[in-house]
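Number of protein chains: 2
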Amino acid sequence: MKENECPLYSSKIMLSIGDALEAVNGKWRIKIIAALLDEPKRFKQISNLIDGITDRMLSIELKKLEINLLVQRTSKYSSQAEYELTDHGRSLKPLIMELMNWGKLHREKVIGKQEVL
Amino acid sequence: MKENECPLYSSKIMLSIGDALEAVNGKWRIKIIAALLDEPKRFKQISNLIDGITDRMLSIELKKLEINLLVQRTSKYSSQAEYELTDHGRSLKPLIMELMNWGKLHREKVIGKQEVL
DNA sequence: CCGCATCCGCTATGATACTG
DNA sequence: CAGTATCATAGCGGATGCGG
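Line by line, the protein sequences are chains B and C. Just so you know, the first sequence maps onto residues 1 to 117 in UniProt numbering. Just so you know, the second sequence maps onto residues 1 to 117 in UniProt numbering.
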C-alpha cells in the first residue's frame with residue numbers, strides 16, 4: 001500500500017502530522033530555519049533577518065530547535081557562537097519551499113481581498 | 001532570477017512564510033484540512049478523526065478556515081452541515097504531504113531516541 | 001556588543017455544561 | 001447531531017535589565 005494513496009485521515013497520518021507540527025510550530029521556528037537554510041549565522045544576524053522577533057524568543061526557539069536536532073550550535077568562543085542547520089534541519093527545505101509558494105499564493109488569493117487575518 | 005535560487009532569507013520570502021503560517025498555524029488547522037482532503041465530512045466525523053480535539057476548538061478553527069477561504073460549509077439542514085475544502089484549501093495538499101513525510105522521518109530520527117518533545 | 005533571565009499580560013487551548 | 005457559553009489555565013511572547 002503506497003503511503004501517498006492510503007486514506008489521508010488515518011491515525012498514522014495524523015500522528016506524523018502531529019510530530020511535524022510539534023517540531024516546527026509556532027510563530028518563529030520555520031522562519032529561523034529559513035534564515036539558516038543557506039549558511040550558518042550568528043545570533044544577531046538571524047535576529048536581523050526575522051522581522052519582529054525578540055532576543056528572548058530567538059534564544060528560546062533556537063534551544064527548542066537544538067533539542068529537536070534541527071539546529072546545531074557551534075560555540076567557537078563565547079559571544080561568537082554560530083548556528084547552523086543539521087542535515088535533518090536541511091531536510092525541511094522542500095517543506096519550507098512549499099510553504100513559501102503557498103504563502104505567496106494565499107496572499108494573492110485571500111489576503112488583501114478581505115483585509116482580515 | 002529564479003525563485004528557488006534567490007536568497008532564502010529575503011524579506012519577501014519571510015513575508016510569504018508569515019502569510020502561510022498565519023493561515024494554517026496552531027495545533028489543529030492542518031489536521032482539520034488533512035481530515036477533509038479526500039472528501040467532505042460532517043462535524044462529528046472530523047472530530048472523530050482528530051484525536052484530542054474538543055468541539056469548541058473544532059468549531060473555532062473551522063470558522064477561521066472559512067474566513068481564510070480554505071474550507072466551505074454547506075449547511076443543508078441545520079444539524080446536517082457538511083464541511084469541504086475549497087480549491088484553495090485543496091492547494092495545501094502538497095504541503096500536507098510534505099509535512100506528513102517529514103513528520104514520519106522526524107519521528108524515526110528524533111522522537112523515541114530521546115523521549116522529549 | 002552578545003545572549004539570557006525575570007516579570008508579567010494576553011492569547012490559545014481545555015473542561016464542562018448548556019441550547020436548538 | 002452540531003454547535004455555543006462560561007470559566008480556568010499554561011504557555012507564548014513583549015519589556016526590560018543583567019552578566020559575559
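Don't read these hints as lab results, they were simulated from the structure. Computed from a prediction, not measured in an experiment: that's the story for all the values here. There could be a bad hint or two in this list.
Remember, identical chains collapse to one label, so a pair may be satisfied in a single copy or spanning two.
[Claimed, not checked] Taking lysine-lysine and the DSS-like style, the derived pairs with C-alpha atoms no more than 27 Å apart in a straight line are: (1) K104 <-> K93; (2) K93 <-> K109; (3) K27 <-> K12; (4) K104 <-> K27; (5) K93 <-> K27; (6) K12 <-> K104; (7) K109 <-> K12; (8) K64 <-> K109; (9) K44 <-> K109; (10) K109 <-> K63; (11) K44 <-> K12.
### Task
Taking the numbered hints from earlier one at a time, note which ones the structure violates and give those numbers from smallest to largest.
As far as the earlier hints go, only 9 is violated by this structure.
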